[in-house]
Structures are given as structure tokens and as C-alpha cells.
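Colleague: Given next are the chains, with one letter for each unit.
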Amino acid sequence: MSDPSQRPVGRRTFLQVAGAAGAASVAAGCSPRAAVQKLVPWIVPPDDVVPGQPLFYRTLCRECAAGCGVTARTREGRAVKLEGNPEDPIGRGALCARGQAALQALYHPERFKGPLRRGAGGALAPTSWDEAEDALAQALAAAQAKGPGRIRLLTRLEPGATGAVQRAFMKAVGARPEDRVVLEPLDPAPLRRASEALFGRAELPVLDLSAARSIVSFGADLVETWLSPVELARQLAAARGRLGAERARLTWVGPRLALTGVSADRWIRCRSGGELAVALGILRALVEPARGVPVPEELRAVVPRLQRLAPEELAARAGVPSGELERLARELARRRPSALLGPGAQAQGPEATQLAAVVLLANVALGNVGRTLRYGLDAREDVPSSAADLRALLGAMSAGEVDVLLVQHADPVGTLPTALHAADALAKVPLVASFALRPDATTARAHLVLPDHHTLESFGDAVARDGVVNLAQPVMTPLADTRQAMQVLLELGGKLPVPASFPSTDPYDVVLARAAEHATRATGAPPADVAPVHREALQRGGYWWDPEPRPPVRLRPGAAEPFLALPPPPAADGALDLVVFPTALRGDGRGADLPWLRDVPDALSSVSWSPWLEVSPATAARLGVGTGDLVSIETAAGRAEVPAYVFAGIRDDAVALPLGAEVLSVLPASAGAAFYWAARATVARAGRRTRLPLLEGSPYQHARELVPVVTAAAPSPRRPDLSARMYREPDHPEHRWAMVIDLDRCTGCQACVVACTAENNVPVMGADAAREGRYMGWIRVERYLGDEPGGELDVRLLLMLCQHCTNAPCEPVCPVYATYHTPEGLNAQIYNRCVGTRYCSNNCPYKVRTFNWRDARFERPLDLQLNPDVTVRSRGVMEKCTFCIQRIRYAENLARDEGRHVADGEIQPACAQTCPAQAITFGDAKDPASRVSRLARDGRAFRALEAVNAGPAITYLARVRPEAEP
Amino acid sequence: MRRVRSPHSGALAAAGGALALLCAAAASGPRQPIAFSHRIHAGELGIGCTSCHVYAERAPVAGIPSMARCQGCHKFVKEDPEHPQVTAELKPLVEILANGTAIEWIRVYRVPDHVHFTHERHVLAGVRCQECHGEVEKMDVLSQVTPLTMGWCLGCHHEKQREKPEGRARLTECVTCHK
Amino acid sequence: MSATESFRSIEDTVRATHGRPGPAYWIGLALAGGVAAFGAWSYSLIVRTGLHWTGLQRPGMWGNLITDFVFWVGIAHSGTLISAILFLFRARFRTAVYRVAEMMTVFAVMTAGLYPILHLGRPWFAYWLFPYPNQRELWVNFRSPLIWDVFAISTYLIVSTVFLLVGVAPDAAALRERATGWRRRLYAVLAFGWRGTDEQWRHYTRAYLFFAAFATPLVVSVHSVVSWDFAVSVLPGWHSTLFPPYFVAGAILSGVAMVILILVPLRRAFRLEALITPHHLDMLARLIVLTGLVVTYSYATEILLALQEPAGDPERSTFLYRMTGPYAPVFWTMVLCNCVGPVLLIIPAVRRRTAVLFGICVAITVGMWLERFNIVVTSLSHDRLPFDWRVYVPTWVEWAVTAGAFGWFFFLFLVGLKLVPPVSIAELKEEAAHAPAGAEEATHGR
Amino acid sequence: MAVEGRVLGMFAEPGGAARAVRALRAAHFEVETAMPAPFPEVIAALGKPRSGLGAVTFSGALLGLLAGVLLTVGTSVAWPLVTGGKPIVSVPPFVIVVFEVTVLVGSLTNLAAVVAGAALGARRQATAARLGATGDRIAVVASAGDASGAGRILRESGAEEVRDVA
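Chains A, B, C and D supply the protein sequences, listed in that same order. Just so we're aligned, residue 1 is where the first sequence starts under this note's numbering, counting upward by one. Just so we're aligned, residue 967 is where the second sequence starts under this note's numbering, counting upward by one. Just so we're aligned, residue 1146 is where the third sequence starts under this note's numbering, counting upward by one. Just so we're aligned, residue 1592 is where the fourth sequence starts under this note's numbering, counting upward by one.
There's no promise every hint is true.
[Said to hold, decoys possible] Label pairs and their in silico Cβ distance ranges:
#, chain 1, residue 1, chain 2, residue 2, range
1, A, Glu131, B, Thr1067, 44 to 52 Å
2, A, Ala703, C, Arg1498, 48 to 56 Å
3, D, Gly1665, C, Arg1193, 33 to 41 Å
4, C, Leu1452, A, Glu963, 31 to 39 Å
5, D, Ile1679, B, Glu1070, 47 to 55 Å
6, A, Asp506, C, Ser1189, 54 to 62 Å
7, D, Val1686, B, Glu1070, 56 to 64 Å
8, A, Asp855, C, Arg1237, 53 to 61 Å
9, C, Ala1456, D, Val1686, 18 to 26 Å
10, B, Thr1067, A, Asp897, 31 to 39 Å
If you're looking for bench data, these hints aren't it; they were derived computationally from the structure. Ideal Cβ placement from N, Cα and C applies to all residues, glycine included.
Please model the complete structure; the sequences and the hints are all you need to start from.
Modeller: Written as C-alpha cells, this is what we have:
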């Protein structure tokens, strides 16, 4: 593993190498271009870089608080693809859509190229690091002299070395602990607060859903954004992978379907805010003596209190039939252990805490705590500040009590409700210094911009939980004149009037110093020399150990009572409930400007590039709007205009808006970092229309039985008899590459879509192209809402990508053999032979081919991310999924060099590799023992549009619909 | 000029090849920034190809020798007191090495971007460097001697496949080179 | 009057069409050329930056340009039909109209052949669709209907051009005798040494029969091949064994309509009423009735077969979509034009009124274009996976390129009229020699 | 026998020309004609065998058939690429291409034959070719016999003009 500070590849040489290797390739004509090309050699060749061969580094993902480990594939000194670290206990090799897209933050064209200082004219102008640091140091010294509280630090959650340095630095400038404010918009604070109230320990649980036989989510979108989505999606898949009676039941409680709801077996369509009533109803039903559930000792005291709640009133408040709560309670009583989860990541405030507490009490009642919900593993390395702390900071700023505000990867202006007036508060601070990577609403008001390295350029560590410390290391030399924020803080410490006693200003040393402790815990004994141990850990990606058990949590006497009363009902003012939700692609909005994330359509609404307001068909009819009509949303706090999206997966009395700028303008100030659900909004037609960039044509299956499901009564989908053949099947002498997609595991999280985009140089064509139906993705989630319009809501997902058919209809229609069937069973597409008749696409029953309507642009330096093993397609040619032929060939070459056969599972296309739920399996169908062959023989197997008899290489395993329980 | 061609690709391939040759580089190669001679290095001094083009056996690209590699020898070979001509020719190199900059070579051999050629597989299959690059050890100025057209590639690929068809299906598969 | 005199008067009447053009001709030529030029410029946008100028998208990758292709191939059909098939059947009314029909065929194929090339993503590589020896050792895929198209359309273009020129040769010889300057040289070339000796006629008549014998199956094959572009696919709405006869009938329908559209103004403008008589128009109108009924029958068959399928069948869904979806106006206009229009012509009084006939032919031309649009576009936008359904709407660029086809066709036609005798002099003479009454009419007009 | 010569008669009507041809042939003259259209009565009167051009055209078509088969099968086998699971030599689609090539080559051969036939006819019947192509009259040239006899026959048959020609 190389230490970049000693790596001889300077930025200059890196770029030269990149140039020499001829990174981006374009399929054009066949004559070599006449232009003179230069070959510039390395001055000194780096030891570990072999041009044309990938080099892998283990590092860390910082796109959300989960802290998954990452393997970065680099080529010629630049990162080209991120994958999960298979050894990391959290991600286990998988990475979500946002993690995949972290690369685009690295290569973002708008990234700051160096430090900036706001000049007299009011514009940010380039400056030198020394000047910038000196200016900041002077301001810090002056502020320090005025006493505590004059220097504040606003940061994102930093559960590692960076956080430690921040705290040390703040201490050195004489700040109080509360002067460091941690802003994490999707912080599950209610969980921590409920645990504190009930158990006396403000901790987040670590979940083990794989053991659960019943899972109830109260708005916790665990496959998209909640806690640790990659890990939870894997656990959920494991819990549901046990077919039959042991298969876990998933229940979704909420006013709107999120992806977790799509995966759920049952949706309790409660009204917005009614989750609390549902949870109370279940808790009440569980402690019913007749239930037979042994009520734990510590809960006995609250039984009478609970019994005072009338089930009918609870059901009415929830807006659901009372029988439904009763049925769910019965199921929970029978199917144990279980896990009750909630509230969702966007929920904040006292109501959310109450819901979290009631859910936790139900878990206690069912004996889940310690089994599926484990306490005592939260390392509490860093804890987000409360909404009150945040408001206090803004108040101090507005009052002119803050002289220097350091902002590290937090954007108060861009991520807080407009009603909090963060921009005004910021204007009152004489010096705002931001460490942001690229411009945001806060840097627009900052006086100094000290651009940080991207995580892929920095050293660091992240304590995800007790026993899991993932390490970050630079996988490439920095692209621009940036400096790691940690280093800047350390250097500033040295420039203070009373210099701080930091042993080193090198982030590597800081991480190494912390590593001694991790190594001790991981190995059980302090290492004699930490450096070699740490080098090994860097190669591995982290320090992982089994933490020694802490005493189990116990319900504190009397702690439960305050949470058991139903709060007064909200005023019925005729307005609609406004539900705000984060999505798998947008998260808390931080990555919303990354082209990959914007271009991939949302799995549920299929909207890209634009916000949307989900409106139920009945409500839409009442408001007189259709999909694409602009509607205005008005709350006490403000107003926003958003195009409507008519969606059957939402209650008639609610509308839903994904997190984003529009949300901020309608959130009340009381919302704090984010929002609680029980807000109400007046929604009206704005009278104008937009063309919404929408992937969906019709959301209905139109009685075509495209995506079958299986039940205990009918364990196999109906399949046509295709034994009659006109021709002999083509030979596949060595391999027949094939894929199995388990739709029972697929959650629709779109990680595969972004991974494919990253791996295969799939161009992002922009919002207009999306509006015109020219989205370029090679793999897409087809989402069907039911059979016919107005019918029963029955959401089914179908992951659609090239099926690599044996009798591919696309092949014989191509006049120039640009597409053909390889002896290994692939449907090959030869871009440079394609003339663009587009007949192949017309004849493809799966419509998985995309056409280059115009030349793709990879704005510098986004082009450095391009995978050199995959040709970049020019306009006028067709492209499609290749089963990652470059990976197949890489593995085959490797096997050949090593004189062996390709092992089963050795080849993983980008989509299969990154799938958190491990829904995608790739392998050789010719080998009857391969995993893919075994899975394809499963009773749930079916093929898409099988009656067309194209002979797809992709076998789907149908979703399992559990039989209704009494 | 050595050309490997299948019998049936015929005169047309030859014509196409000749045309490509005309386009790419005339019989004498481009003027490089320094008067580097493969004849002296590979011919007279007998330095093996992979001594400088170190990646040929393990990577898609053969690699242009790093300046450090030049330095390895030219730390000592800086002048020839007996031949002022040689000293003069070495002077630009000595300067470049002293400055720590790199030589910007003019590229001679190039395949289009949609061709994913790999040296590794060819070298490991026993293809001699000269089969594609000509008798470099006799060239003072490197020039392109083979057309690097698809037909020319296929000449060899078809031939090898005919020699032993089993297990060599990939030799004439489109996706072997175009992906 | 002697036969010689009637021969002379035929020649004079025909030669008069080659006279100095009047302002109407120039205006027409400029209009046609202008429309063609605007179409070409619009198309240049596509060449410069790509097909994003079109309204095409997944799932519908074909639209106006392919519609134009099929439409113009269809137009090209009646020429050879009237010329070759009616020749084999010895239909006498053919004589007066076949030259115009043949010219129309050649120009329509020249128009049609352009459009598949124009619609390519990389039209500069269109030559890759032809099998030619190349250093890459690459050939074309003969399993592809598009290659059948390449062969069918180029064969059709070559054979119908040859057929036209061979038919023109004796006329060119006649014109050569009295022409001067470049015209004389042109007709000398076109006449390929024609002297009219019996030995020449002996070979010629035999060869002409063979041309007709080749052209007849060819004309049926060409539109069958075009229909296979669709019929061999797996797309609901395209995948149909009915397509070849259905397309051939439709092609003849549109072609005959176009012949009438051209003949009606032509006979007036060039005073050819004596040669091209109401009787000829009447016979052509009957051909429209016949093919119109075949087309109507095909529509009915397709729809009834599709509607027999159970609910959820994509074929059924596609046909319902055609009739009730966003393209319903296209569908019903098509039915009105192609089914009702021809049926009206069954009534003699209707088809004998030139203005009404002309109007119905305009309607059929529009209807047949819409039929192709209906087949190409609706099937594509409503395929097997409902999630991908999308409505295709052509952009102004596509409309301009579509209009350009008409401009280009009429431009060629107007130029051709001034070079090639629009009726066959030799055959009229043959007729005149045996039908003095006809010759009488030819001399004295109405 | 009188002076050997050629006599040209110009006819306005094909009927007269046919009569002349029949009479001339009965008198063992060699007859050449030139006419603006292939008047069947004249052709019949000439009593010549059917043109043998068909054989040429037919062999051209056969050549086309062979070329089509070679092209489709040969190129598919030369570099076998499987498309759509169909056999390398897929007969039905190849038949279509073979048919088109047959028609194409057949037609072009037919064209070549008719052009050659025209040249041949003009050479063999040089006199009629030189003098007869007026477009509005039918020329009948009699030779290899008594010129005056020929002139008489022509006039009797209704020739508008009769003259001796070289």
C-alpha cells in the first residue's frame, strides 16, 4: 500500500500519464486521426502502477453517516470506480447509489481549484494557502481574545480523526464544547433520545434483521436512507431469503410508499403522523393479557395505562381500520423475534421521539432488544447536535456574538429551512471560512474558502460503531491545489497566539496515532510498532473486532409513562398533510448536484432532474391536476411550486415532496434540521405545466402478467412451453454467461444503475434529454403499480437490462453485424461498426438498447473518471449492457495467466457487485454446478416476456407473496 | 517490410494497408525531439526490447521508458570525447535529464480508440516485437512499417486460428478487440 | 388522314411538351426546389449534431423518415405495375399513361432510397450496407431485412430506370431526328443507335417482354421486402403474415393515386387531352377501387384478428391503442382516406368527374402516408413493456425533411418532363396506325 | 438479271408496307425495313424467326442466381457470426437476396443484349438504318434483285415515294 506523501507521482506527471494512456476512447470511423500525438514518459515510474492494469485501494465512503468501506479501482493513478470493501462488516462489498456517485464529487467540474478569499469587490478571488491560513489565524486570534463563544465550528458528522482534530482545535482556541455544532440533516436523533429516556443511554441500536421473523417499519426507509441502508438491505434480504413460514414478514406503516414499503408484504396506510397511533395500538394490543405474550416485568407497570387507550380511537387517529392493528399485533405475537423500526430519518422533534419510544417499548415487550436490536455498540465517536443547539448557534450568529465561523462540509444556507434564516445569520458573522469542495449556498456567503481534499484524496478514519473502524487513504494525488481540512486546522493551531501542541500537522500521523488504540482493541494487545500493523489495516480497509459486551440496557422504572398518551389531534383545517421524504438517490440533498444521481430516475416516481409532488389520483382529480402540472404548496412558513406527479402509492389526504430546495422553503422554523411529518399544506393548481422528466410510460401491467409473483399455493410462475424449435440452438463451447435476478431481494435502490453508469461510461445527457425520453442508462428499474388504471395497488419491480438472448431479435436485423451472439453467449454490440439504423432497438422486446442521439460530453475533469477499458460511444451508435465484457475478459485473462479456469463468482458485473441485497448473480450457465445455474433451476424462476422465445440469459426469481395470516 | 497476411485477404488488404501507411507516416518516421536511435540501443548495444519497454509482458501498453531509466545509463554515458558528433547528439538528452523534465516523443504506432489492443496477450502468445514493429534494431529513426489496419490484424488472427482452431474462437471474435 | 400525318401530329403533340417552359413551370420548379433545399438544410442540422433534432426516443426509434421511405417506395410501385404488368396483360389503356408512371417510379425510388440513409445515425457510413470487398474482411448480414431492402431497392431503381430508358429509346430516336444542339446529343445517347429497323425491333420487342417479365415479380417482391422490414420483427403491430399483400396493394393504391395526381394537371398543362383521355383516368380509377378494397380488407382482417386475442395480449392492445389512443386521429383519418375514398369511386359519376377524382387521390395520398405512419409509429410507441410506452411526435425538422421529399420528387419530375417524352411516341404510333379513330382524335383534339 | 441495286420505298401506312414486304419476299428480294413502331403486320410479313436474345438474358439471370448464392453463402461462411440463433446459412432470407440479384443481373444482361441487338441490327440493315428513320413513315428497302422490279412492287403496294439508293 503506498503512502502518497512518498509516492513520486506528482500531479503533473499524473496528468501526463493520463494523457499518454489515451484515456477516453471514442468510437468513430476507422482511420487513425492524422493529428500528431505526443507520448510523455514518467520522470520516475511509480513502483505500483502498471499502465493499463487496475490498482485497488481500500478506503472509506463518507456520503452518509453509515461509514461503509470502499475499494477504489484506479487506473494510471486516477480513481475510475468505487466498490464496496468485501471485508468491511458494514457494507460487505456492496455500495449504494450515493456511494457509487462519490467519484463524481471527486471529479466535479465545479470543484474549487485552490483557496479563495473574498476581495474588496465582494467576489471570491484565488489566494495562496499561506495567505488564507494567516488571515484566518489572525481572525481566530482576535476572536479568541474576546472570550469563549466568539469562534464556532459547524461541521457534518465526523466520527473519526477529523472530528477529534476539530475538537482539539476548538479546545486550543478556547472554545466551549457546545461551540462545535454538528449538522446532520438525516440524523436519527429521536432514536437516541428515546433510548436515553427509556434506558438512560443515548445510543443508536445496531440491528440484526436477519434473525427477525417479522419486521415493522414506522416510516423507517431502511433500504434507502435509514441508519445504514446497505447493511440493512442485506439483512432484510437474508431475513426474507428463508422461504416458507420462516420468511420474515415486512410491514410498512406510513402515509406514502417508500421503497421499503415496496418491499413490504403489507402496507398499513396510516395518515401522516398516524404512525404514533399505530405504534400505540400495537403496543396496547401486545400487552393485552389475552394475547398470551408474556409481558416483561419492567412493562407490567404501564399495562393499565395502555389499556386506557381505546383501540377504536387509535385506529381512527391512524386513519386505518382497527382490525388491521389487531392483525399486526397478532402476527407480531406469533412471529418472534421481530424488529420494530422507526421513525424515518426525516422525522425530528418531540412527536418523533415519542414514536421512537413507543416503538422501542414494543420491542421491549416482544423481547427484541438484545436480539434484533442490540444496544451498547454505538461508539458515540461523534454525535449530531440537537435542533436546539443549532438554533442557539444561529441565534448567536444573528446577535453578532460570533466572530469566526468555520464551516466544514455543512451547508446551513442550503440544507436548513429557509424559515431559520441561516443566510441572514451568516451575514452577521465577520469571518466565515468554509472547507467545502465545491460551491454551495454557504460558500457563496463565505469570506474564505479553504477547499478540502475529497475523501478519496485524504487520510482519515471513521468509527462506524464499536468494533468497526474503517480507514480512509488517498487513492490518487489531489486533482487541485486543495488541502485536507484536518491539516488546515492543525496548521492553524500552530499559528495561534498560544500555539497548540499538536504533534504533527500531517493527517497521516493523526490517523496513525489513533490507530494504536484501534489496533490494541482489534488484537487485544498494544502493538510494539503501530506502523506496520496500520499498513496492513490500510490494505484491509480498517480495524474490525468483536467488541466486549457492555451491560444490557434495562427499561428505567417510570420512564415509559410520559410516552403513552396520545397527543391532541391536529387541527382539521381541510389542508393536506405534507410528507417530506429523502430518497435513495438524493439522500439529504448533499449529492443532489452530482450528474449520475440526478440523471437516474427515482425508482418510484421515475422522475429525474426535477423535484415532484406526489399526489394521489383522487386528490389530483380533486385539484384538477395531472402529472406535470405545476402545483403550489403553501405552509405557514412559505410557498413552493413543484410539478405534480400522480401516484397511487400515497393517501388521498396527503401529498409528498422529496427533500430538496423546495422543501426548505415550506418547512416551519420549528422543523430544526429536518422535518416532522405532521405538517399541513395548502395545495393548489398553479395553472402552468412543465414536461416532467419521466421514465415511466404506463405504470400498469395491462393484464400482461409481466412480473409474476409466487405464493405458497402457486409456488412457481406460469411459463410457456417453448420446446418446439425451428433451429438448432447455437453452440456455446466454453461458457454461457448468464444472470439470475432475485426480485424477492431487489429493493429498487438503484445502486446497480449508478454502478453501471460509472463502470461503462454511460453518458449523462441532462434534463432535456430525459424529458425527451432519451435517458441513457443500460439498466433500469421498471416499476408497475398494478394491473390496470384504477385497480388495486400492487407494486412490482422489474430490473430491466440486456437479456443477452440466445435468439436475440436484435441481432439478425442489424445489416452490418454490429450486434451478434458471441460463442460465450453474450449479445455483443460493436460500437465502431454500428451505422445507427436503430432497428435492433425496435426489435428488442425488452427495449434495453439506448441510442446516442447526440455526442456525450464529459466535462473536464469528469473525463478522468472514464473507464479506459470501455469505449466511449459517439453519436449515432447504439449501446447497451455488455454484461461488463471488460470484466469478463479481465477475469479470463487473469485465469489464463495463472493457468486455471475462471472460478464461479469470480466475474461480477458492476451491477451484481454493488447490489446491497445480493439480488444479482452472474456466472456460467454451462456449468450445472455454478450458483447461477442452481438458482435458475429454482421454482420461482421465470423469464421476462418468455413467450417471445428470445431465450434470455437472465432468469428472474419471482417475488414471494406470503399467504394472509388469520 | 514484413507483413503477415492471410491468403484470402488478398490484394485489397495490401492496397488498404498501403493507403493507411501513406496516411499514417511516410517511410521515414517523424522527427523526434532528440536523435534517439533504436539501431544503436537495440541493435549495436543489444539491449532487449523489454529492458526499456518494461510493461510489454504484463500490460496493455508496452510503456515508454521513464526518464529515470534513461538516466540509469546516461548518468554515465554523457559524452564521447573521441566523437564530438555523439557528444552533440547526447547534449539535448543530458540537458533534459539535468532539468528533470521529460522528452515529448512523437507517437509512431497508434490504434484507434475503439480498439482495445493489449501487448501482454500478444507477447505472451509468442509474437515477436518485430512482427508488428519491424526490425526496429536496424532503424535509426523509428517509422511505422505495418498498417495496423483491421485487415492486417485479422491476417494473423485468422492464420493462428486455422493452425489450431480449438480454444481459439476468441481470436476472430469482434468483442476481443472492440468493447 | 394518312397514318404519316397522325404520326406527325403525335410527335408534334409530344414534342410540344419539351417546348420553352412558361412561368408556371418555373414557379413550380422553384417551389419544388425550394422545398427540397429547405428539407436538405433541415437535414444538415441532423448531420451536424445528431438525431436529437428528431422527436425519436425509446421505444420508438423510427418515425417520419421511415414513414417517408415506405410511402415513396409505395408511390414507386404503380409505375412498374402499369407498365410491366399491364403490358403482360395486354391492357390497352396502359399506352397513354405508362411513361408518366415509369418516370414517377424512377423518381419515387430515388426519393425513397434516400430516406433510409438519411435516418441513419451515421449516414456517412451508409456504404457499409453494401457488400463490397474490404480489408477488414467484413460483409453484410444477409439475414437482415434492411439488407434485403438494400438489394430490393437498388435492384428496383436500376431495373426501373433501365426499363424506362429502354422504352424511351425509340422515342429518343424519333426526337433526335428533329432536335438540335444538346438535345440532339442527349437523344442520340438515349437512343443508343436506334434506327427502327425490323432487325432492331425484332430484338427489342423480345427484350421488352423480358423486362416486363423481370419487373413484374420484382415489383411484387420490392414492397413485400419493405413489408418484411416490419413483418419479420417481433413487435406487436408489425409481426404479421398479412403484410406483403397488404403492403403491395397499398403501394399500388398510393402509386395510382399519385399517377392520377400527376396526369390530371399534366394533360391540361401540356395539351395532352387527346392522348391521355378520360377513359384512361377512368381505368386508373378502377384500379384504385380494386386496390382500395384490398387495403380495406387488410385493415379489417388485421383488426379483427387482433381483437380476437384475449385481454392482455400485446397485439390486441396495440390495435386498440391505434384506434383509441393518442394516435386515433391518424388512424381514423387513414380509414376515411383509404377505405371510404376508393369505395366512392365505385360510382361512375364520381370517378368520371376529374375534380372529384383528383380530390380523392389527394386524400388517398395523405391517407397512405398516414397508414405508414400509423404502422411504423403506433406499434413502436406501444410495445411489450408498458413501462416504456411513449408517444412520438415529429419535430419541425422531421416535417421539413418529409416535405423535402415532395420537393425533391416534383423537382426531379419537372426536370424529367422536359427531357423525356411523357407519353410513349412509338406505342402511340402503333396504336394510331391501327385505330384511325384514335388518330383522328389525336389530330383534331376534342 | 438487271442491274443489282437497292430500292427504297416509303410508306405512310403499315398495311401497304406489309403488302410490299410480302410481295418482295415472294419475288426473292432481300428486304430491310425501318419503322417508327413495331407494326405487327410488317413484322409478320417479314416472317423472321423470334429473336434469340432470350438465351442471353436467361444465361444472365442464371449468372445472377449463381452470384447471389455465392455472395450470400460465401460471405456468411467466410466469417461465421451467429445472429439471433439462426443458422449461418439461413436459406429463406438468402433466397430473397438471390432473387433480387437474379433479377438485377438478368435485367442488366437483357439491357446489354438489347443494346447489342440494336447495334447488330443497324449494321446488318445499314441501308434501312441510314435512310429509314424518319419517325413518321415506314421504309422498305429491297435488294439483291432487279431494282426496277422492286420499285414496281413497292409502288404497287402503295409507297408514297420510291427511289434507288446506293
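Colleague: All hints are to be evaluated individually against the structure, with a verdict given for each.
Modeller: So, going through the hints one by one against the coordinates:
no.	hint	in the structure
1	A/Glu131 / B/Thr1067: 44 to 52 Å	violated, 29 Å
2	A/Ala703 / C/Arg1498: 48 to 56 Å	holds, 50 Å
3	D/Gly1665 / C/Arg1193: 33 to 41 Å	holds, 39 Å
4	C/Leu1452 / A/Glu963: 31 to 39 Å	holds, 37 Å
5	D/Ile1679 / B/Glu1070: 47 to 55 Å	holds, 50 Å
6	A/Asp506 / C/Ser1189: 54 to 62 Å	holds, 59 Å
7	D/Val1686 / B/Glu1070: 56 to 64 Å	holds, 59 Å
8	A/Asp855 / C/Arg1237: 53 to 61 Å	holds, 59 Å
9	C/Ala1456 / D/Val1686: 18 to 26 Å	violated, 39 Å
10	B/Thr1067 / A/Asp897: 31 to 39 Å	holds, 36 Å
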